[in-house]
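Novice: So you can see what is in the structure, the chains are spelled out below.
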Amino acid sequence: MTKNVTPKQLMSGDDDLPLYAPQKKIYPQRVSGTFRRAKWGLMAFCLGLYYLLPLLRWNRGLGAPDQAVLIDFPNQRFYFFFIELWPQEIYYLTGLLILAAFTLFLMNALGGRIWCGYLCPQTVWTDLLYAVERWTEGDRRARIKADAGPITVNRLARRVLKHAIWITIAWWTGGAWVLYFSDAPSLVKDLATFQAPAIAYIWIGILTASTYLLAGHAREQVCLYMCPWPRIQAALTDEWALNVTYKYDRGEPRCSVKKGLHLRSLGERAGDCIDCNQCVAVCPTSIDIRDGAQLGCIQCGLCIDACDNVMRKIGRPARLIGYDNDINMQRRTAGKTEIYKPIRARTVVYASLITVVCAVMLDALLTRSLLDVNVLHDRNPVAVKLSNGAIRNGYTLRFLNKRGFDRVIAVDVDGPANGQIHIVGVDSVTPDRPMIVLARDATTELRVLVTAPFDEKVEKTQPVKFRITDIGLGEVASATDHFVTP
Amino acid sequence: MSAHNDIDRVSGRLTTGHEWDGIKELNTPLPRWWVLTFYATIIWAFGYWVVYPAWPLVSGYTTGVLHTTNRAAVTANLAQLEALRGEKMKALGTASLADIEKDPALLTLARARGKAVFGDNCAPCHGSGAAGAKGYPNLNDDDWLWGGSLDQIMQTIQFGARSGHAKTHEGQMLAFGKDGVLKPDEIVTVANYVRSLSGLSTRNGFDAAKGEKIFAENCVACHGDGGKGNQVMGAPNLTDKIWLYGSDEATLIETISQGRSGVMPAWEGRLDPATIKAMAVYVHSLGGGK
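Which chain is which? The protein sequence lines are A and B, in order. Mapped onto UniProt numbering, the consecutive letters of the first sequence carry residue numbers 1 to 486. Mapped onto UniProt numbering, the consecutive letters of the second sequence carry residue numbers 1 to 290.
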């Protein structure tokens, strides 16, 4: 059993440390202040966005889904407000991922691990479940006391209530997830009447379990052992990045309020830190920020609130712990003024890259074609000799009509001299220029034959271009391939 | 094991008391959940013996109360597949061949179904893209021995050629040399004459008039006046640019001497009617269909 030894005891020994320290239970204390309010606000925003977005409607006209954000796997479409993406436009996802990475880099260069402390889903849901825990089982002291004492009916009831609320939140989290993949109102109805597809229940189950386990039980263990970001983000941080920092130049030497007053009255130097440990008590990963920058610090700023509250009580200036960097620490020690440089090479580069990626994506989005054609030449046989000596090549043409209505297009072929085009299954009134109807928001695949008289003098392989023209709108698209003479 | 309570300092666990060169063995029993799972699998095995086929006997095996067999499972799967395809394939079965070609949805289905079945059944002779080979017609071109309309293609697939089926296409290229009908020099002459019909070069000093005479006496009956061919008898058109066995003189001499009688199997009974229809539409859509 691992509970025999605590990490503290292990560290006192001179043996090698085990790879994983056993989890020690953390009882973060309630705190109020600027950063706590910011966290509540961001939590409300993130969760509100996540839970409510799939319920938002968006009118796309008859026959199209009216959900603002919808990932429609069966029909292979992705809808995001006014944008509708097809599978072949999945590269937008690459753009979004690149954008997300650079945004994270920029956030890091400006304010350190802001992502970890305020926006990371693990942080947001853990914070929410901690709030539930405080509401049901009481604050830090009450929980420590209750855990140390015997199990009572009251205690048991509170625990059951806590887990019930946790599971409800987790279940709602999984439930909101599946709503992004199907029409939300009808899916909610189907789920309630047990008519929904099994996969929906399976995903709700998986996400309920993961939310409950990760945010309810694993908590800071996820940040310390499972998440790669702390390692990456630490590497992205430079000396100018703001980090939650204990200003030891102001805090040391630590001494009691009384002793501090006494020393200062004598004109001697005394640190502002009174060693009250409030910063440790409120920390969700239970670190001591006064030990300096460390892996376990998710930079949520709750220790800043805790310390500010104490400073206010003892009548010392706030922000003994605050967002700061090493450069300012050194400048203060040297008696210089604090400076902060948000505009520097690193941030300019990140911001420019973000702008460029945004511009490229916007351009791709605005200029994307709503009519397209792809061509695939027959492989076997590549060319056919007809009884009169003419040469025929077969192609498979795939037409893409991304508009929400049917339209008529004409197909032209530019290629071998006197080439004739025929589309299998289409008897056109204009034989040289077959017309076909493209169904709305769909692909149409047709077999196309091009026949040309045999001519010894032409190249064995000539380029051939299929040009399609929307008869109504005049939109044009084309695809090129080759016409082969055996 | 002697009683002791030697605790390892790093992990905080009991050791077994065994020590080799200063290395102690931790006492780490199997986790209870693991042991319970193991017992559960043993109990599970008993249930399995009862429910499924399990024990080989001298001349058989225990069938289990469910009487499960792999064959039955496959049959059930196939039935399920048929049920899944049911509606669509039924539509293929009831629509006429011409209607299938006119309906884009049915045409797509017929082409997809036809292509798959073609790969399984026809590709060994006609090639995966139906490009044919020597003696096996190319189905992409417009030269048809037995006719290239939808109905004619379907008939050929259904009953075959020289297949032995009661309704099969019958037709024969006689072995004029082997059977002694024509002498070797006559065969050379008529072979050159046939080449001249499609505008191919002829041997020096070849007697066209003699060739024409031999052709009129022996070949016109099937290949028709001027060698235009006859689809009722499966006699190829000898004036076009397409040659099933090859157009060079040596091949023609061989053809005339030995005769030809390639076989196309009948597919009726081997493939269901809807699939044969799909196949006819697929072959017709390859480009050569009339």
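Keep in mind the hints are simulated off the structure, nothing from the lab. These numbers come from a predicted model, not from an experiment. Ideal Cβ positions, reconstructed from N, Cα and C, are used throughout, including at glycine. One should not assume that every hint holds.
[As the list claims (entries may be wrong)] Straight line, CA to CA, 20 Å or less: simulated PhoX-like cross-link-like pairs of lysine-lysine:
hint, chain 1, residue 1, chain 2, residue 2
1, B, Lys90, B, Lys102
2, A, Lys341, A, Lys247
3, B, Lys183, B, Lys228
4, A, Lys24, A, Lys145
5, B, Lys241, A, Lys457
6, B, Lys102, A, Lys460
[As the list claims (entries may be wrong)] A partial selection of chain A residues facing chain B, derived with a Cβ cut-off under 8 Å:
hint, residue
7, Ala148
8, Gly149
9, His377
10, Asp378
11, Arg379
12, Pro381
13, Lys385
14, Asn388
15, Gly389
16, Arg392
17, Arg398
18, Gln420
19, Ile423
20, Val424
21, Val429
Novice: Would you mind marking each hint as holding or not holding in the structure?
Specialist: Structure-based check of each hint:
1. B:Lys90 to B:Lys102: Measuring from Cα to Cα gives roughly 17 Å; hence the hint holds.
2. A:Lys341 to A:Lys247: 19 Å, holds
3. B:Lys183 to B:Lys228: 24 Å, violated
4. A:Lys24 to A:Lys145: Holds, at about 16 Å.
5. B:Lys241 to A:Lys457: Distance of about 19 Å is within 20 Å: holds.
6. B:Lys102 to A:Lys460: 34 Å, violated
7. Ala148: 21 Å, violated
8. Gly149: It is violated, given that the least Cβ distance between Gly149 (chain A) and chain B is near 25 Å, above 8 Å.
9. His377: With a minimum Cβ separation of about 11 Å from chain B (threshold 8 Å), the hint on His377 (chain A) is violated.
10. Asp378: Holds. Min distance 7 Å.
11. Arg379: 7 Å, holds
12. Pro381: Hint on Pro381 (chain A): holds, closest Cβ of chain B at ~4 Å, below 8 Å.
13. Lys385: Since the shortest Cβ distance to chain B is 6 Å, the answer is holds.
14. Asn388: With Cβ-Cβ at 7 Å, under 8 Å, it holds.
15. Gly389: Holds, about 5 Å.
16. Arg392: 6 Å, holds
17. Arg398: Arg398 (chain A) check fails; min Cβ-Cβ to chain B is 12 Å, beyond 8 Å.
18. Gln420: 12 Å, violated
19. Ile423: 10 Å, violated
20. Val424: It holds, given that the least Cβ distance between Val424 (chain A) and chain B is near 5 Å, below 8 Å.
21. Val429: At about 15 Å, which exceeds the 8 Å cut-off, the nearest Cβ of chain B leaves the hint on Val429 (chain A) violated.
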